[in-house]
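A.B. asks: One-letter residues, chain by chain:
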Amino acid sequence: AQSVTQLDSHVSVSEGTPVLLRCNYSSSYSPSLFWYVQHPNKGLQLLLKYTSAATLVKGINGFEAEFKKSETSFHLTKPSAHMSDAAEYFCVVRGGSYIPTFGRGTSLIVHP
Amino acid sequence: DAGVIQSPRHEVTEMGQEVTLRCKPISGHDYLFWYRQTMMRGLELLIYFNNNVPIDDSGMPEDRFSAKMPNASFSTLKIQPSEPRDSAVYFCASSGGGNTEAFFGQGTRLTVV
Chain R
54 AQSVTQLDSH VSVSEGTPVL LRCNYSSSYS PSLFWYVQHP NKGLQLLLKY
104 TSAATLVKGI NGFEAEFKKS ETSFHLTKPS AHMSDAAEYF CVVRGGSYIP
154 TFGRGTSLIV HP
Chain Z
85 DAGVIQSPRH EVTEMGQEVT LRCKPISGHD YLFWYRQTMM RGLELLIYFN
135 NNVPIDDSGM PEDRFSAKMP NASFSTLKIQ PSEPRDSAVY FCASSGGGNT
185 EAFFGQGTRL TVV
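Heads up: the protein sequence lines correspond to chains R and Z, in order.
Heads up, the first sequence is in the numbering used here, so the first residue is 54 and it goes up one at a time.
Heads up, the second sequence is in the numbering used here, so the first residue is 85 and it goes up one at a time.
Calculated from the structure, these hints are not laboratory results.
Model, not experiment: these values are computed from the prediction.
Do not rely on the hints blindly, as some may be mistaken.
[Said to hold, decoys possible] Some chain Z residues judged to face chain R by a derived CB distance under 10 Å, without partners named: (1) S111; (2) H113; (3) F117; (4) E128; (5) M144; (6) E146; (7) F149; (8) A177; (9) E185; (10) G191; (11) R193.
Note that beta-carbon positions come from the ideal geometry of N, C-alpha and C, so glycine has one too.
Here chain R stands alone, though its shape is the one from the complex:
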């Protein structure tokens, strides 16, 4: 069995400040982990992925995430938020079942 918990339903930051979106996972197998972004009324776009290579993964638009097996975490960070980062973010685990399992999502709000 596998599951994902996104610890915050909403995160609010000011433009130019760091972003931290938290994700914990559970999987019986060595999983792959992903972060997707969904802008309003749009589809889901892959931000970055971890597939058992380097534990610090860099993605598009300045985002990165670190895989920590001991903490079963895969938190998403960005040093400086931009207004265009306002969107819904989903953490996804894919393990032995090959089914991508989604977290409930975190809404990122960026204030000017």
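Starting from the known structure of chain R, fit chain Z onto it as the hints suggest.
C.D. replies: Chain Z alone, transformed into the frame defined by chain R:
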């Protein structure tokens, strides 16, 4: 490749009517997933196929929902009869084998009135 293509983008139908959503996966991908997204329940997996064969349809909410994949380049999700509570955004996604990333279509926004 043009990515995963879904049609229609928007569908408005009356309660009781049949609705068919369509999906063309990325060529060479052997997994296809149908998800439903609502505010209340988030993203739910409805059914997935591997090599055109349905593997797990436990997420299909009722017998009113059915899905087919007659070949590697086409899948349909059908709702008959439709009900207002079926209103949601339906996403199709495809992926290669193993734990590779899934690629999503733009979704079909279904409104049942």
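A.B. asks: If a hint holds in the structure, say so; if it does not, say that too.
C.D. replies: Right, here's what the structure says about each hint:
For S111 (chain Z), the shortest C-beta to C-beta distance to chain R is roughly 18 Å, which exceeds 10 Å, and the interface hint is violated. The criterion of a C-beta within 10 Å of any C-beta in chain R is not met by H113 (chain Z), whose closest approach is roughly 12 Å, and the hint is violated. Because the closest C-beta pair between F117 (chain Z) and chain R is about 7 Å apart, less than 10 Å, the hint holds. The criterion of a C-beta within 10 Å of any C-beta in chain R is met by E128 (chain Z), whose closest approach is roughly 9 Å, and the hint holds.
A hinted interface residue such as M144 (chain Z) counts as satisfied when its beta carbon comes closer than 10 Å to some beta carbon of chain R; here the least separation is about 14 Å, so the hint is violated. At a threshold of 10 Å, the smallest CB-CB gap from E146 (chain Z) to chain R is about 21 Å, leaving the interface hint violated. Interface restraint check for F149 (chain Z): the shortest CB-CB distance to chain R comes to about 18 Å, outside 10 Å, so the restraint is violated. About 7 Å separates the beta-carbon of A177 (chain Z) from the nearest beta-carbon of chain R, less than 10 Å, and the hint is met.
Given the 10 Å rule on beta carbons, the hint for E185 (chain Z) holds: about 5 Å separates it from the nearest Cβ of chain R. Because the smallest distance between the Cβ of G191 (chain Z) and any Cβ of chain R comes to about 5 Å, under 10 Å, the interface hint for this residue holds. The beta carbon of R193 (chain Z) is positioned within 10 Å of a beta carbon in chain R (closest approach about 8 Å), and the interface hint is therefore held.
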